[in-house]
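In full-length UniProt numbering, the protein residues as written are 1 to 153.
These are calculated hints, taken from the structure and not from any lab test.
Values in this document were obtained by computation on a predicted structure and should not be read as measured data.
Positions of the beta carbon are idealized from the N, C-alpha and C atoms, including for glycine.
It cannot be assumed that every hint is accurate.
[Claimed, not checked] Capping the alpha-carbon separation at 20 Å, the derived lysine to any residue pairs in SDA-like fashion look like this:
1. 98 - 115
2. 152 - 136
3. 78 - 123
4. 78 - 67
5. 55 - 70
6. 78 - 100
7. 92 - 111
8. 55 - 31
[Said to hold, decoys possible] Restraint ranges, calculated between C-beta atoms of paired labels, are given here:
9. 133 - 101: 31 to 37 Å
10. 148 - 28: 53 to 59 Å
11. 109 - 30: 29 to 35 Å
12. 70 - 146: 46 to 52 Å
13. 33 - 65: 51 to 57 Å
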Amino acid sequence: MFRTAVRLAESGRVPLSLSQASAELLPPIPLYRRLLRAHRSLPAEMRFMGDAYVKSEFHATKGTDNPLHIMAFLGQWKMYLDQIEAQLNEGKPFDGRKLDPEIMNSLNNEQVGQLYELMHSTDDLWKTPEELEAAAAEAEAADAAERAAEEKK
């Protein structure tokens with residue numbers, strides 16, 4: 001038997017499971033495009049913020065030469081894409097997930113700062129209209145009280 005035929009017979013690979021297939025990395029440009037396409041199904045506010053974040057992160061990482069950083073970057077974005085696509089395929093709206101404590105502990109100070117800013121910028125997205133109206137009314141009342149205090153002086 002020819003050597004190539006033996007090699008072909010031995011290489012009968014088992015098809016990848018879903019988790020193994022989703023763990024495979026995509027090249028940066030197709031990943032970027034799929035992320036933006038997946039964001040089309042998000043509510044307008046989330047889509048705007050998500051698109052801006054994806055664009056800025058990919059742009060900031062464009063000049064990176066460190067292969068470990070690139071692999072980790074692409075892997076995390078692929079996991080995010082898989083999560084969005086899985087929830088959308090189930091017919092559920094995207095609702096995110098909790099951050100794994102191991103991942104949180106591995107972040108550097110700059111990343112923790114970015115995460116903190118992101119957390120505060122998304123606070124209003126998860127409030128009901130009633131909560132937003134109540135917060136606006138409180139802010140107006142505080143402004144009115146401040147103006148009244150200044151007028152008394």
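Evaluation of the provided hints:
1. For the suggested pair residue 98 and residue 115, the alpha carbons sit about 13 Å apart, so the restraint of at most 20 Å is met.
2. Our distance criterion of 20 Å between C-alpha atoms is broken by residue 152 and residue 136, whose separation comes to about 24 Å.
3. The hinted pair formed by residue 78 and residue 123 fails the criterion: a straight-line CA distance of about 25 Å is larger than 20 Å.
4. Between residue 78 and residue 67 the alpha-carbon distance is near 16 Å, which keeps this suggested pair within the 20 Å criterion.
5. Under the criterion of a C-alpha separation no larger than 20 Å, the hint pairing residue 55 with residue 70 is consistent with the structure, at around 16 Å.
6. Our distance criterion of 20 Å between C-alpha atoms is met by residue 78 and residue 100, whose separation comes to about 16 Å.
7. Note on residue 92 and residue 111: the hinted pairing is violated, with a Cα-Cα distance of about 29 Å set against a maximum of 20 Å.
8. Among the hinted pairs, residue 55 with residue 31 is consistent with the structure: their alpha-carbon atoms are about 12 Å apart, no more than 20 Å.
9. Restraint check, residue 133 to residue 101: a C-beta distance of roughly 35 Å satisfies the suggested window 31 to 37 Å.
10. In this structure, residue 148 and residue 28 meet the distance hint of 53 to 59 Å, their C-beta atoms being roughly 56 Å apart.
11. Distance hint check for residue 109 and residue 30: the Cβ-Cβ separation is about 32 Å, which falls inside the suggested range of 29 to 35 Å.
12. Checked against the hint of 46 to 52 Å, the pair residue 70 and residue 146 passes, with Cβ atoms roughly 51 Å apart.
13. In this structure, residue 33 and residue 65 break the distance hint of 51 to 57 Å, their C-beta atoms being roughly 23 Å apart.
Comparing the model with each numbered hint stated earlier shows that hints 2, 3, 7 and 13 do not hold.
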